[in-house]
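Engineer: Going by our numbering, the first residue of the sequence shown is number 13, and it counts up by one from there.
Calculated directly from the structure, the hints in this document are not laboratory data.
The list that follows gives simulated cross-link-like pairs (lysine-lysine, DSS-like), each with its CA atoms no further than 25 Å apart:
1. K151 - K218
2. K103 - K136
3. K136 - K210
4. K103 - K132
5. K132 - K210
6. K210 - K243
7. K152 - K218
8. K71 - K103
9. K152 - K254
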Amino acid sequence: MNGNIHSIETFGTVDGPGIRYVIFTQGCLLRCQFCHNADTWEIGTGKQMSVSEIIDDLKSYLPFIEASGGGITVSGGEPLLQIPFLIELFKECKKLGIHTTIDSSGGCYSHAEQFQQNLKELLKYTDLILLDLKHIDRKKHIKLTGMANDHILEFAQFLSSQNVPIWVRHVLVPTISDEEQDLRRLGDFIGTLTNIEKIEVLPYHKLGVYKWEALGLDYPLKDIEPPSDEKVELAYKHLTAKVTL
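Using the sequences and the hints, build the whole thing.
Structural biologist: Here is the structure:
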């Protein structure tokens, strides 16, 4: 089976524990204003790669991955747009004893029967999910990503009900996702989940602006600067207030 792949990073260190073989899939439903991978948005494009191709390449890095307690991370784009491909890929990874991680916004989560069946099958072979929670406020989430967050919060609750370990990630964007009231509300929601291993506050940055420009897109946050260390620390306190890590 083939997947639509944007790119591969062979020595990732920020997308899960240890050294990671990171696959960036092609296609996403969200249009986040701060996205640093805007070139992964278009669905159905990218390089067609088979599971066997990826596994053969991954094997050459196994000594480094295993020594560091790492594994494979599938990011994007949105990996869950290609669940059948992920199932086959992760099955092969498990035969090799490789730790498996998905980095997802939950933006394509659905109650459709087929999606639910596929997702539950995938989770049998998934060790960790990096869950990107962009904003707790529905209207602000729509403005920030182009999509409401109801189903995304449901996805978080579903993962909790299935006892799938997650790392919660929140991109802290000054004036957009850093208001204390919103952070407290998000912290309250996170506190209802029972499967959290870690919470990460990711400071907003401008490293992806050149991709927007290359695509002929107007970058909407060009006047916003990264948050201070103090703001990041305060956000972390709010998000972890109701959680025992």
